[in-house]
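Here the protein sequences line up with chains A and B, keeping their order. For the working numbering, add 235 to where a residue sits in the first sequence, where the first one is 1. For the working numbering, add 701 to where a residue sits in the second sequence, where the first one is 1.
Hints listed in this document are in silico derivations from the structure and should not be mistaken for laboratory results. Check the hints yourself; a few may be wrong.
[What the hints assert, rightly or not] Beyond 10 Å from chain B on every Cβ pair, some chain A residues (computed):
# : residue
1 : Asp240
2 : His270
3 : Asp325
4 : Ala327
5 : His347
[To be verified] With a straight-line cut-off of 16 Å between C-alpha atoms, the simulated EDC-like cross-links for lysine to aspartate or glutamate are:
#  : chain 1 : residue 1 : chain 2 : residue 2
6  : A       : Lys291    : B       : Glu731
7  : B       : Lys1610   : A       : Asp308
8  : B       : Lys1610   : A       : Asp355
9  : B       : Lys1565   : B       : Glu1664
10 : B       : Lys1565   : B       : Glu1496
Just so it is clear, CB atoms sit at the ideal spot from N, CA and C, and this is done for glycine as well.
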Amino acid sequence: MHVADDKLDCELCHSGARRSPFAGIPPVERCIGCHKYVLTPHPEVAKLRRMWEARKPIRWTRVYTLPQFVRFDHASHVLAKVGCETCHGDVASMDRIGRVVEPAMGACVRCHRERRAPDDCLTCHY
Amino acid sequence: MIERRQFLKTIGISGSAALLEQCAPTPSHELIPYLVAPDDVVPGVAAYYATTCRECPAGCGALVKTMNGRITKAEGNPAHPIGRGRLCVRGQAAVQSVYNPDRFRTPLLRDAHGVFQPISWPDAESLLAAKLGAAMQGGADRVAWIGELLTGALDTLTSTWLAALGSRRRLFYETFDYEPLVEAGAIAFGRREVPRYELDRAGFIVSFGAEFLETWLSNVEFTGAYARARRRQLRDPEGTLLVVAPRLSLTGLNADAWIAPRPGSEALVALAMAHAIVADGVAHSSAAPYVRGIASAVAPYAAERVARATDVDAATIRRAARRFVAARPSLAIGGGVGGTSDRHAVQLELACLLLNVLAGNIGETIGYGAGHAVDRLATRNDMLETTRTMASGGVDVLLVHHANPVFTLPPAVGFADAISRVPFVVSFAGAPDETTDRAHLVLPDHHFLESWGDYAPRAGVASLLQPAAAPLFDTRATGDVLIEVANQITADTARAVGRTTWADYVRSRWAGGAAAANDQAAAAAGWQDALASGGRFEAVDAVRPALGDVARALAIDPDAQEPAGPFTFIACPSTHFYDGRSANESWLQEVPDPITKIAWGDWIEIHPDAARRLGIVDGDVVRVTSAHGRIEAAAHLYAGMRPDVIAMPLGYGRLRSSRHAGARGSNAALLLPPTAAGSPHAVWRASGVRVERTGPRRVVIMLQAHVASREDAAPPLGKIVDPGRADAREPPQHPPVDLFPPHEHREHRWGMAIDLNSCTGCNACVAACYAENNIAVVGEQFCGQGREMSWIRIERHAHTVPSESSLHRPANVFLPMLCQQCDEAPCESVCPVYATYHNPEGLNAQVYARCIGTRFCSNNCPYKVRRFNWARYGWEAPLGEQLNPDVTVRSAGVMEKCTFCVQRIQGAKRAARLDGHLLRDGDIVPACAQTCPAEAIVFGDLHDPESRVSRAASDPRGYHVLEELNTRPAITYLRRSVPGAPGDER
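Work out the full structure, taking the sequences as your base and the hints as a guide.
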């Protein structure tokens, strides 16, 4: 909804994507920045505002995860103009994010070979 | 309708997801963001804070790397004049002490049964205020402070605070003081200060036992300077450093020449050198006004006259003297701790100052004007006096601040007994030690990496301390405690100290001139600059003092010999533990001692000749008895000293039950007298010491069993080269034969050059590697089985170069050995699962996830640099907080080895990509190269002809280790220049 309807850029909230290995989850402060005023009657927004007042951070359930022996660097992929939906699916069409794309190594290697990125093991496994 | 394949896939995924949840807790099941993100933290990107290392009085600047608010690594601060971007082994290991599992977590008060119980900060502070108030009623000077060396804000605060309490009893106590040097400066030049030494400007350095590469004064600074001097002097046939001492410390092992006088006669050697210079009439022109005075002062000390007392022949002394003047500006450095502290310590320092005057070194390699913080240290006499006062009930409240005199003072001083007579002892220590054992109240200070503060090792270097992370435990800055307590005692003490926070106190004092002039903007800018750069650094004008009359102070009997027999015992500062303070850091226990390669335990050094006479072999438990005490330890045969000398490192025999330091070894200080005989100074020697075998033997863990180089190693492949032949390139002996086609490295080929002429063997790189790469500590037992995990190790190779009468050649090479990233790696071809292979940039890659642990690779490695995880090694909480998240933590059954810090290579590539430029030479710096104080390790792209590493690889001194095996390593070693090294017979 944030993507499809409000046309918000992914990086507005996941701001680490451009400069860090981790895209990051926005601090609650960022959510409240809009939702202090936007759509306040909605039960989820009310929940958000209650958590902000209680000074409790949101515990998001992780959807996209890689095993510990893989090191994925978001910044390089954002720089290479790999669209977020390539690995995270068509987020615009989802009300709630789901794991629709499987981050299997075969997909990574295929894309790396197609786009002439390094396919050396040490790129991601060190 | 759903496709069957997709259906099965979905089942499989959700099934395995469910399984994953039930398995070992996956850390990333939830994502928890900040509530409000701090400005300077980007998850996944490190933040650096400039601060100062406080492991010793050198005061090196440090940049502390933090990830998500946790301290993971310490680096040197390149902008800082002390250290210049490098840290020593103790500085690198300091990150372990932040997460020391034995740290105090709350304030503690001893209860009626003598057991520490937690107490709240408000209760603790009001208790202390009450005790201090009562002490004040008793009169002046009832409150005493013994603490670490302070300058700047905390110096001012404690001075003000104690004055408000009516006390002047404040001692800055450091285990190793420089009193003889300071006194000599006062006698010779009227300047009661430690001079500034610039070793890199010297053509020849003579050290009378000063351990300046390990522990003396400012080891990182001096190592860098010495290495620069060595590089400049590469082709000088006489070499750069002469050590005059009865025992070779690590500094001595690095020397080009060694004279071993009888213990106690070092001053006579220096005086004889001065005598030779004036007798030959070769003093420098700048010394002309003083030559007559010096000549009469040193008249009794002709080289022939002192030959018997010193056991050094006259010709050697004359030769050294001639060289000292000819190679000017030279530098004579006086006595160190273990080597030469005794009753003639002041005379030795004076003699060195005279030598420097005669060679015209004053103002060139040695200068006055900047002073040093250590000038203000308590003397041994001060400590004795305070001990007597405490013992006689003259102190009601004793405050101990980051000092451990109960352990570090020789027991003969009687401090342990005296402190038990003090009714109320308070300690600000961060972790338990022998002195907190005698304390009633513990008010734990933050770790120095969590602290605000400042420290100025010398004038012109105002070094800032700022917290790199929030305090881990419920500790409180000592400054805050002092301010709070002062505000509770009386209205007068409250007014004298004022009401502010410690952080504000530091900041307001820092602004200094600008704040005083009410220029707020300049003050704020100055503060921001200091936070960013780590301090305020200015040049200080040197003074040119005139030499005074020293004759009276010199008086030594030229024929006197110390009452020696049968042995003289030397207690040496430890390269790793200093005086024992860092003995609880497990890296420092596991990384072997640079000289003996012994880990996890102490030893007593005995010369092989003496050992043979007494029927002692390595590992025999021997008893050493002096007039003051007796200890037992395992014998270790060491040829780097006189046969009438035995030696032992300090820092063992800790009584505290800290898990690594406690109950391990014996305290060498037990054998020492309270002062040198007939002198007020500290002495780290005992004469008239007896040694005997006790019968039992002890297992000593030596990580390198053999040190002597093979006599028949053909010189062209050896590690040393005579200075005269340093420009001659030796071709490899065997023509290359290839079994496999060559590797193609299209873009980069990473390589390294290690200059053995610069490496001093200090182990800083080893500790840095442990910190950077999450290397596990395996402990004593596994070390004994050779299962230590260090990716880089320093090998000591002792070559034999014949002595010339009293002049010996230590000819030691310290060789850092790490994965050579071979182009023709023997390990790659034998891995059954392709877990190790040659990557397109020249690295020998090790993929942990594929490794199944056959260990065939390490079997095949001729350098034995591959380390296997024989068990699942752990990190006792909270040591796991130090782990570097950029490096995988290996589990049991997996092989690991040096990766050239591949995480840094990838990080630099990412940074270059994000910044939009190509990788430049110097963008990638592995941890070992970054910290090496001697700048011995260089990393770069061998494909770039302009890179430093390419230039070094084509150096005539360059060679590959085990070149004849045709492994084609990516690391080129540059031979060490050793005067007298055997030449190529071909």
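So, going through the hints one by one against the coordinates:
no. : hint                    : result
1   : Asp240                  : holds (23 Å)
2   : His270                  : holds (14 Å)
3   : Asp325                  : holds (17 Å)
4   : Ala327                  : holds (21 Å)
5   : His347                  : holds (13 Å)
6   : A:Lys291 <-> B:Glu731   : holds (14 Å)
7   : B:Lys1610 <-> A:Asp308  : holds (12 Å)
8   : B:Lys1610 <-> A:Asp355  : holds (14 Å)
9   : B:Lys1565 <-> B:Glu1664 : holds (15 Å)
10  : B:Lys1565 <-> B:Glu1496 : holds (12 Å)
In this structure, every one of the numbered hints holds.
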